[in-house]
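Q: Listed in order, the protein sequences are those of chains A and B. So for the first sequence, the working numbering puts the first residue at 879; every next one is plus one. So for the second sequence, the working numbering puts the first residue at 202; every next one is plus one.
Please keep in mind that the hints were generated in silico from the structure rather than gathered at the bench. A hint or two may mislead.
What the hints assert, rightly or not - Which chain B residues stay away from chain A? Per the calculated CB distances, all over 12 Å, these:
(1) Ala295
(2) Pro297
(3) Asn316
(4) Arg324
(5) Thr357
(6) Tyr360
(7) Glu364
(8) Tyr470
(9) Met473
(10) Gln477
To be verified - Which stretches of chain B does chain A cover? Using the computed rule of at least three CB atoms under 8 Å from a CB of chain A, they are:
(11) 225–232
(12) 237–244
If you're wondering where the values come from, they're calculated on a predicted model, not measured in any experiment. The beta carbon of each residue, even a glycine, is placed where N, CA and C say it ideally should be.
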Amino acid sequence: MAKGFVAITVERCKGCGFCVEFCPTKVLTLSSAFNSKGYHPPQVVAADKCSGCDLCGMYCPDFAIFGARNAR
Amino acid sequence: MSECLVDIPADAINPVEPYLRSERIPHIWCPGCGIGTTVNCFARALDESKLDLNKVAIVSGIGCTGRVAGYAALDSFHTTHGRAIPFATGLKLANPELQVVVYSGDGDLFAIGGNHFIHAARRNMDLKVICVNNLTYAMTGGQTGPATPDHVISTTSPYGVFEPAFNLVQLAEAAGAAYVARWTTFHVKQLARSMEEVMKKRGFCFIEIISPCPTLYQRRNKMGDGLDTMKFYKQVSKIRNGAPTSECGLTKSGEIVVGKFVDRDRPGYFEMLNAQMTETLGDRYVIPEASSCGDC
Ligand SMILES: Cc1ncc(C[n+]2csc(CCOP(=O)(O)OP(=O)(O)O)c2C)c(N)n1
Ligand code: SF4
Ligand code: SF4
Ligand code: SF4
Ligand SMILES: [Mg+2]
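Using the sequences plus the hints, can you model the full thing?
A: As structure tokens, then:
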């Protein structure tokens with residue numbers, strides 16, 4: 879099981895890409911799908927690599943994503 | 202609102218959420234604007250500091266950054282342009298138990314509010330001043346401000362800025378600040394730590410955060426979007442804790458010196474007031490009690 883998980887609030891996202899760029903283990907990529915405002919939110923491509931470090935959450939200017947550790 | 206793409210525990214919440222007026226989100230800031238990132242750091246600093254949030258107040262001036270007070274789930278006040286510091290000073294004097302945070306932009310704090318800044322620092326007023334420096338007056342359309350570096354193109358400097366900018370960290374130190382640090386929005390961990398540190402430090406504390414304004418500043422200067430700016434910060438920043446602030450001036454595309462530059466103890470405003478009055482008036486002087494109204 880992955881050490882952590884990441885949660886995305888798709889409708890808050892403005893597609894800046896900060897979370898994708900600064901995730902240390904490259905868990906995310908920007909999706910080709912649109913949210914209702916026309917932005918491309920991130921999607922998880924490597925859930926097993928997520929450490930739950932929440933760096934994505936600290937970088938996200940729109941409070942649209944966060945990570946947390948899984949209970950052991 | 203459609204939620205996450207992977208299964209998460211039902212009780213998991215974004216650590217920033219308890220510090221936001223969630224009903225006001227989404228906020229007005231543009232895609233790739235750095236202000237929201239600084240708010241994440243502030244929320245984490247509040248969390249770590251374990252402060253009683255009933256005793257924390259946040260005061261902003263006018264500008265894109267000035268909106269922070271309206272999104273923070275604290276006692277907030279959105280003052281008139283440039284007047285965050287005098288308003289905050291009044292709060293602190295009337296209720297010294299409050300932890301008073303001033304959160305505003307470079308234009309608000311250093312142009313129209315510049316005098317208030319230097320005098321609050323001179324008095325070592327116990328305020329925590331957080332300045333999001335996007336190097337421009339963003340909200341009004343990207344005009345040249347007192348922190349806009351040389352050669353930058355702005356609405357009011359279409360042929361390039363030629364007047365020298367303030368070096369904000371040097372100004373803060375010279376005016377008397379007890380604590381001075383600078384980070385960029387790339388340095389989220391360090392910024393959160395500095396914010397937490399100033400919550401415990403007495404006296405006038407100043408944190409400058411270099412932050413992207415992709416819509417006005419970066420676009421006009423062909424510096425890309427928010428993400429390009431974050432990568433630029435990563436590339437050109439150099440951490441130099443304790444660096445002389447005189448060596449920390451900013452240029453359009455050169456090195457950005459970041460770190461904690463000043464951490465010193467100076468007598469605070471109340472200490473100086475009480476010492477002087479006691480010296481002059483002796484027993485006739487009654488030290489004012491914190492005028493706290495209990496649990497409010
Ligand atoms: C007395 C007064 N003068 C001018 C303005 C117009 N005004 C609004 S915001 C602003 C500048 C804001 O710049 P800054 O503090 O850097 O905030 P930013 O938008 O860049 O975050 C100005 C000049 C005003 N609102 N009130
Ligand atoms: S950092 Fe936030 S706003 Fe930017 S792409 Fe990721 S989720 Fe969206
Ligand atoms: S929590 Fe950490 S590892 Fe997981 S997606 Fe976010 S940045 Fe990547
Ligand atoms: S104009 Fe600039 S500072 Fe204001 S919200 Fe947009 S990107 Fe941010
Ligand atoms: Mg500004």
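Q: Each hint needs a verdict: does it hold in this structure or not?
A: Here's how the hints hold up against the structure:
1. Ala295: holds, 33 Å
2. Pro297: Per Cβ check, B/Pro297 is outside 12 Å of chain A; nearest 32 Å; holds.
3. Asn316: holds, 31 Å
4. Arg324: At roughly 34 Å from the nearest Cβ of chain A, B/Arg324 sits farther out than 12 Å, so the non-interface label holds.
5. Thr357: The assertion about B/Thr357 holds, with a minimum of 26 Å to chain A.
6. Tyr360: Non-interface label on B/Tyr360 holds, nearest chain A Cβ at 31 Å vs cutoff 12 Å.
7. Glu364: About 31 Å separates B/Glu364 from the closest Cβ of chain A, which puts it past 12 Å; holds.
8. Tyr470: holds, 34 Å
9. Met473: holds, 38 Å
10. Gln477: Nearest chain A Cβ is 44 Å from B/Gln477, so the label holds.
11. 225–232: Since 6 is at least three, the answer is holds.
12. 237–244: With 5 residues close enough to chain A, the hint holds.
Consistency with the previously given hints is maintained throughout, with no hint failing.
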